[in-house]
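In order, the protein sequences belong to chains A and B. All letters in the first sequence, in the order written, are residues 5 to 116 by our numbering. All letters in the second sequence, in the order written, are residues 3 to 113 by our numbering.
Hints in this document: simulated from the structure, not taken from any laboratory. Hints are supplied without guarantee of correctness; some may be wrong.
As the list claims (entries may be wrong) - Computed far set for chain B versus chain A, every beta-carbon distance over 12 Å:
1) Q8
2) E17
3) K19
4) N24
5) G33
6) Q39
7) G42
8) G55
9) E56
10) H60
11) E61
12) H77
13) A80
14) S84
To be verified - Distance condition first, Cα-Cα at most 20 Å in a straight line; then the derived SDA-like pairs of lysine to any residue:
15) B:K38 with A:Q54
16) B:K108 with A:F92
17) B:K40 with A:T9
18) B:K29 with A:Y103
19) B:K40 with A:F92
20) B:K105 with A:T90
21) A:K61 with B:Q4
22) B:K40 with A:S11
23) B:K38 with A:G44
24) B:K38 with A:T9
25) B:K105 with A:F106
26) B:K38 with A:E73
27) B:K58 with A:K13
28) B:K38 with A:Q45
29) A:K13 with B:K38
30) A:K13 with B:G42
31) B:K40 with A:D42
32) B:K105 with A:Q45
33) A:K61 with A:G100
34) B:K40 with A:P12
35) B:K29 with A:I99
36) B:K40 with A:Q45
37) B:K108 with A:K61
38) B:K105 with A:P43
39) B:K108 with A:D42
40) B:K105 with A:E104
Even for Gly, the Cβ is constructed at its ideal location relative to N, Cα and C.
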Amino acid sequence: DGGITQSPKYLFRKEGQNVTLSCEQNLNHDAMYWYRQDPGQGLRLIYYSQIVNDFQKGDIAEGYSVSREKKESFPLTVTSAQKNPTAFYLCASSIGTSYEQFFGPGTRLTVL
Amino acid sequence: SQELEQSPQSLIVQEGKNLTINCTSSKTLYGLYWYKQKYGEGLIFLMMLQKGGEEKSHEKITAKLDEKKQQSSLHITASQPSHAGIYLCGAGGGSQGNLIFGKGTKLSVKP
Chain A
5 DGGITQSPKY
15 LFRKEGQNVT
25 LSCEQNLNHD
35 AMYWYRQDPG
45 QGLRLIYYSQ
55 IVNDFQKGDI
65 AEGYSVSREK
75 KESFPLTVTS
85 AQKNPTAFYL
95 CASSIGTSYE
105 QFFGPGTRLT
115 VL
Chain B
3 SQELEQSPQS
13 LIVQEGKNLT
23 INCTSSKTLY
33 GLYWYKQKYG
43 EGLIFLMMLQ
53 KGGEEKSHEK
63 ITAKLDEKKQ
73 QSSLHITASQ
83 PSHAGIYLCG
93 AGGGSQGNLI
103 FGKGTKLSVK
113 P
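Work out the full structure: start from the sequences and follow the hints.
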């Protein structure tokens, strides 16, 4: 089955630690995205990538980093510089920007 | 940049009742997407509208895009507990050409 997966589903982090969230898709999509979702705030774009080895900052990129070494994979690292990382993180992919986006099941990150 | 405003923010209805959720854009919409999200899960694509006056239906859910392409409505007929969740509208218009989303409408259906 084609789809987009995220792991882990739940992640706990101590303050000062970096953590990496995984996102994999087998839909052969060029574009991939990372969003952060907070209660009452909707989805906010962190980073996006239109093609392998290229990515762009979204609206709230500070404290986050990404890589796009393979078409299928777009991992997100939440660094210690992110002051309020506790949130629900969603990864998505699409054929291209401004097209229908397919979403993964999300990762809930909690900072202890 | 474009903004999408959804109303109401939350809605509680009795099972069997009809309901409408609205999505209003600050600019002309070129592609309007409706998604549904269950708490703690990813978004499920429902429908996409592109043309002014367009209407699409899937099971008991109907979405419309007005002629001016600045407002969309999502109508659920004879609501069921399975319709409960957060409904989000999305549209092209982000500063990098990406989709932007409304803040969502939380729907609860009382059995």
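Tell me, in ascending order, the numbers of any earlier hints that this structure violates.
-> 1, 5, 6, 7, 15, 26, 27, 35 and 37
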